[in-house]
Amino acid sequence: MTITPLCPSPILQHETVQMAHGAGGRLSQTLMQRVFMPHLHNVFLDILDDQAKLDLPAGRTAYSTDTYVVSPVFFPGGNIGELAVNGTVNDLAVGGAKPMYLSAGFVLEEGFSLVELETIVISMAEAARKAGVMIVTGDTKVVGKGQCDKIFINTSGIGSVMDGVNLSCRNLQPGDTMILSGTVGDHGMAIMTSREGLSFQSKITSDCAALNSMIAAVLEVVPAIHAMRDPTRGGVAAALNELAASSSVGIEINEPSIPVKPDVRGACELLGIDPLHVANEGKLVLAVSSEYTETVLEVLRSFEHGRDAVTIGEVVDDHPGMVVMRTAFGSRRIIDLPLGEQLPRIC
Amino acid sequence: MKYIDEYRDPQLARKLLDEIRRKTTRHWTIMEICGGQTHSILRNGIDQLLPDTIELVHGPGCPVCVTPLESIERALEIAAKQEVIFTSFGDMLRVPGSSKDLFMVRSEGGDVRIVFSPLDALQIARVNPGKEVVFFAVGFETTAPANAMAVYQAAREGIENFSVIVSQVMVPPAMRAILLSPDNRVQGFLAAGHVCAVMGYAEYEPVTREFNLPIVPAGFEPVDLLAGILKTVELLEEGRAEVVNLYGRVVSREGNRVAQDTIAKVFEVTDRQWRGIGLIPGSGLTLKAAYSSYDAEKKFNVTHICTGESPLCKSGSVLQGMLKPDACPAFAKECTPGHPLGATMVSSEGACAAYYNYHRTGFPI
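Order-wise, the sequence lines are chains A and B.
Residue numbers for the first sequence follow the working numbering, beginning at 1 and rising by one.
Residue numbers for the second sequence follow the working numbering, beginning at 348 and rising by one.
Bound conformation, chain A alone:
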């Protein structure tokens, strides 16, 4: 056998993220060309400038940012990439904006699988396509092993606010109907039941979805909707408490009207967690004058992500800043903000 002596050249093919992938050199370029650009490319991103130059429509612009650190990175019903796109899309949409452009910043842990990274990027591209937005600028940094948990993603987004729409958490009026677009707790329980250490199996999948087309449709028909929230961390309980506090009104909800999937309810029962405190990633809570209740429900129910939409309660003059539940037994209890991390009980 003849071996041709060669000078050792640097390895450019890796299976995992290396520190050099974030150093701005050859490997950084390789990462861009092989993992990010093939899936995310568009007229803005292809220019590879340090910024995207955008033409925005006249009128008000909405701008939002969020950072995604979910663990596990892949969970039943989605992954961190589509969560990062849909989350920011929804944050813009619940302000009455049509989401248009996103940025994406990645913090990668040294040693993270490039195949998994590409899967995440493909999901982001697909989520952006579905939501009708473009990822127009981005950034990647690599940190040492153990300095982050596989991958963190920040997305920020710009959208143009629809004419004649004025959504604000301060707009709730006594007499408004509170509407919820579907079942509660799916995302949070999908994450919790797929975490290491919890030895029971479930079929719970995340509700992770972009809601902008449904929201645009409902605002088209009823632009007078007073407020919208996507009840993510802290769940519906936190969203309702924030709305009640910001508008200095009370909210009363009916326990039997809150839709919860049987699997989610079962997992919550086992762990001693209130489904109202569990995160959602594809749900909408809104407040609207009661004369529009049926119209709003009809529009929401015509969409896949709103087909289980229901009225859950109403805005009242009493107990400003407080959310109260009427139980199935006719008693009442306070629905408070969850206190920090959801902790499974002892027995």
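Simulated from the structure, these hints should not be mistaken for laboratory data.
Do not take every clue at face value.
To be verified - The following residues of chain A were derived to be distant from chain B, with all beta-carbon distances above 10 angstroms:
(1) E15
(2) H41
(3) I122
(4) A125
(5) V165
(6) S168
(7) C169
(8) A216
(9) E291
(10) V299
To be verified - Some chain A residues near chain B, calculated using beta-carbon distances under 7 angstroms:
(11) T327
(12) F329
(13) S331
(14) I334
(15) D336
Quick reminder that beta carbons are idealized off the backbone N, C-alpha and C, glycines included.
On the provided structure of chain A, position chain B as indicated by the hints.
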């Protein structure tokens, strides 16, 4: 959902409430023992629905609440050690010691993990032979069998990097302590369903005879609790001092013999401090001498750590049914779930936390 929905049936609940109203001729004070029952009563507003003549007082059956502060201080000391992976049920992480809680130890670099079973903690010990894995074994008779099993398994497999901080307590001695108090107002008990699932209810029969009062093992759902209250009222009205089991789908007279045998293999009865209440003779479990090498407090030499309670906290009176949480001067003022002075405000099953979360003072229910 089977075994849940039928026990949350509003129509059945209304029927039971009507029956309770019909049967009650005078004022009765009934204590539910278990924190899970307290939580369910407050969450479902059962106390609001009962006639004024039925007073529910909330018992000491919240394991997080009665775990003595010094056990928590010792746990914090052990959890902060570099070589330790500290494992615990989730509830315990937020319980404050005198200056910090287990979450803060974690934020300072301690390896503190939530587990759902002590056997999960043992598994962590198996796969981390270079680390000391410590489990915070708190609870009543409900948690004792699994905690005993973890120690038993560790011994059988010769796993030496596993140990437990034991703070196991038992219901019957606490019942006696409450009934023997000169300020006692309790006339009947709803016994804790899951404790009875392990221990059976035969052990309550001498208590009914000695103190001449009824004891009714009951479940945790609204219909379970209302049926339990109805039965207790019937027994009280008829002057019958008996144990009547209303949690038949889970509880038998003898209980779970296998679980009891497991407890007896590993643990023996000891005197135990109850947070807020004090020392109750023969009310706790400790590791038998054969298993003393699994005692984390000895292994890490923290038995010298002792501590005191906030003078403002009245949790002892709350745990014995002598004070309603919202009658405590510190309730919702100096003491809130975000800044708890005592463990009854920390645990989701603590009576003070349940009052704060569902029925805050001044709120017109």
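Hints, verified against the model:
Every beta carbon of chain B lies more than 10 angstroms from that of E15 (chain A), the smallest distance being close to 25 angstroms; the non-interface claim holds. Residue-level check passed: H41 (chain A) sits 41 angstroms from the nearest beta carbon of chain B, beyond 10 angstroms. No Cβ of chain B comes within 10 angstroms of the Cβ of I122 (chain A); the nearest lies about 33 angstroms off, and the non-interface call holds. Separation of A125 (chain A) from chain B is adequate, the least Cβ-Cβ distance of about 36 angstroms exceeding the 10 angstroms criterion.
At the 10 angstroms boundary, the C-beta of V165 (chain A) stays outside the reach of chain B, the nearest C-beta of that chain being 35 angstroms off. At the 10 angstroms boundary, the C-beta of S168 (chain A) stays outside the reach of chain B, the nearest C-beta of that chain being 27 angstroms off. No beta-carbon of chain B comes within 10 angstroms of the beta-carbon of C169 (chain A); the shortest separation is about 22 angstroms. Chain B leaves A216 (chain A) outside its interface by the beta-carbon criterion, the shortest separation being 36 angstroms against a cut-off of 10 angstroms.
For E291 (chain A), the condition that its CB be more than 10 angstroms from all CB atoms of chain B holds, with the nearest at approximately 29 angstroms. For V299 (chain A), the non-interface assignment is confirmed: its Cβ lies about 31 angstroms from the closest Cβ of chain B, beyond the 10 angstroms cut-off. Below 7 angstroms, beta-carbon pairs count as interface contacts, and T327 (chain A) has one with chain B at about 5 angstroms; its hint therefore holds. Annotation: F329 (chain A) was flagged as interfacial toward chain B, and the flag holds, the nearest CB pair being 5 angstroms apart, inside 7 angstroms.
Annotation: S331 (chain A) was flagged as interfacial toward chain B, and the flag holds, the nearest CB pair being 2 angstroms apart, inside 7 angstroms. For I334 (chain A), the interface hint holds, since its Cβ comes within 7 angstroms of a Cβ in chain B; the closest pair sits about 5 angstroms apart. A cut of 7 angstroms between beta carbons decides the hint on D336 (chain A): the least distance to chain B is about 5 angstroms, and the hint holds.
Violated hints: none; the structure is consistent with every hint.
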